[in-house]
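Enquirer: Read off the chains here:
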Amino acid sequence: MRLGTLRKKFVSNLSVILLAAAATALPAQEARVGNLDGHAAAGKKEYRRYCVGCHGPGGDGLGENAQWIDPKPRDFTAAVFKCRSTPTGTLPTDDDLGNSIHRGFVTTNMPSWLPLTGQVRADLVAYIKTFSPRWSQGHGTPIAVPPETPTTVESMLRGRVLFQKMECWKCHGPAGHGDGPSASTLTDSKDNPIHPYNFSTGTRFKCGETNQDLYRVFMTGLDGTPMPSFADNLKPAEAWDLVHFLRTLQPLKTPEAMAWKTWLQTHGSTLTPIGPEAQQP
Amino acid sequence: MHKRNFSILAIVFLVSAAASSKAGRFAGHAIAPGTIEGIISYTGTPPKMKPIDMAKEPSCAKQHATPVMTEAVGVGPGNTLEDVVVYVSAGDKGPQASQPATYEQKGCQYIPHVAAMEVNQPLEIYNHDQTSHNIHPMAKLNSEWNKSQPPGSPPLKVTYEKAEFIPVKCNVHPWMHGYFAVLGTSHYSVSDDKGTFTLKGLAPGKYTITAWQEKFGTQTEEVTVTSGGTTKANFTFKAVPY
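Protein chains in written order, with our numbering: chain A, 1 to 281; chain B, 1001 to 1242.
FYI, nobody ran anything at the bench for these hints, they're computed from the structure.
Misleading hints may appear alongside valid ones.
If you only want the chain B side, here are some residues facing chain A, beta carbon under 10 Å, derived [what the hints assert, rightly or not]: (1) A1061; (2) N1142; (3) S1143; (4) S1148; (5) W1175; (6) T1208.
Ideal Cβ placement from N, Cα and C applies to all residues, glycine included.
When you get a sec, could you build the whole thing from the sequences and use the hints?
Expert: Have a look at this one:
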């Protein structure tokens, strides 16, 4: 074949490929959860079956059940989400939303939707994103969660210093019982009263169970609630120290809690209490 | 020959048109910027402001010899209103500011109570207290975010893309309330403790100005600015005692 004809063929093939790629590019309200594509049209039917009773036909959290439940169902029209892998003020990824549906929100009326197939879940995520125009901006960039540092008592002690210094105790209380001085006046972004997490009775968190999930809670903040992001204030190693300390506050047999318990038996009396007295400069 | 004359004429016409429209309305004969000023008053009974109990934050409580009052309705002598944002809502060019606006947390209060700024203008938030604060601007059109700011932190730097009146709160200190007034104009003024406001540097012409008070809502007026002149525009809000 002559060179000119080859070039013409190449250009026409390339333009067909580009056209095909443009045609299959995902529009804003579609989703990808795991390795599945979700479609809002299918998600709408599933939403009407599973979600509308609480989240409402308009996705605004005003379903007929909403008046009797606390915490209130998520208002998708506000496009503010609690459990994300993305920084505060940004939207969650499709996987974040899919994980929230799958995991549910422990201690709330949002069940863990294990019986739903992955495809249904992906379709629901696509439909949920149609409730707010903010999704056209795209989701935030997930934060980097570096590898966990070693679980040592020294790490937990450093975390304890941070618990004091970052003033977590002002809401969560000196022992993490959710009874800090500011706890009783907390309201969420809809002005509903809200409680800070009580580490002594809680086992799982609303946004997961692992140390990585706990890391993300205070490094992305829980948007729509009083819980801020500490991403500007903590280095990753410090954040892991805090994770290790927080685990000692829970009634679980985690490696952190076991090591801490052993250490307390011999060194417990050396600890200064957490709280306002320790705040004096 | 004729073609050349025509094109020269065209160039002269275009240049003069550009000079008269683009090079500023102040070009040419003596046009000077004008001012709109006035007083914000109220009729009726405003709610009483209450003293704030900062006992839960001793490091802030001790900074105030007498307790500070809540600031939702700041009244001045002669039934005037403080912290009312007056801004050009129609007839003006867009925002222009590049210098940062500032917002301070001091003595567990927001200073100023209402911070007016322009769309896309940088905002710097400072924590001058010995306690942590969390900044939680409850935006609805802009993004709602929530960040912790321990004492000694560098200022938080943010910008807002959309015009909006954003309530700001600190969850740790529930008495702290303030506002970001993000405006789409560079001509605005926040009324002082005597209720006066001044909008300067306005090209002569017709404008719509809006006054916003956090409890009493908004009012608008049509105003005409003359060259080098001062136009008076007063606003009166109906106060309700709750």
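Enquirer: Now, for every hint given, state plainly whether the structure supports it.
Expert: Against the structure, the hints come out as follows:
Contact between A1061 of chain B and chain A, as hinted, is not supported at the beta carbon level, the nearest pair being about 12 Å apart and thus beyond 10 Å. Given hint, N1142 of chain B at the interface with chain A, holds; its Cβ is 9 Å from that chain's nearest Cβ, closer than 10 Å. Of the supplied interface hints, the one on S1143 of chain B holds, with its beta-carbon coming within about 4 Å of a beta-carbon of chain A, less than 10 Å. Because the closest C-beta pair between S1148 of chain B and chain A is about 4 Å apart, less than 10 Å, the hint holds.
Hint status for W1175 of chain B relative to chain A: holds, with the closest Cβ pair at about 9 Å, below 10 Å. For T1208 of chain B, the suggested interface contact is broken, since its CB lies about 27 Å from the closest CB of chain A, more than 10 Å.
Checked against the numbered hints above, the structure violates hints 1, 6; every other hint is satisfied.
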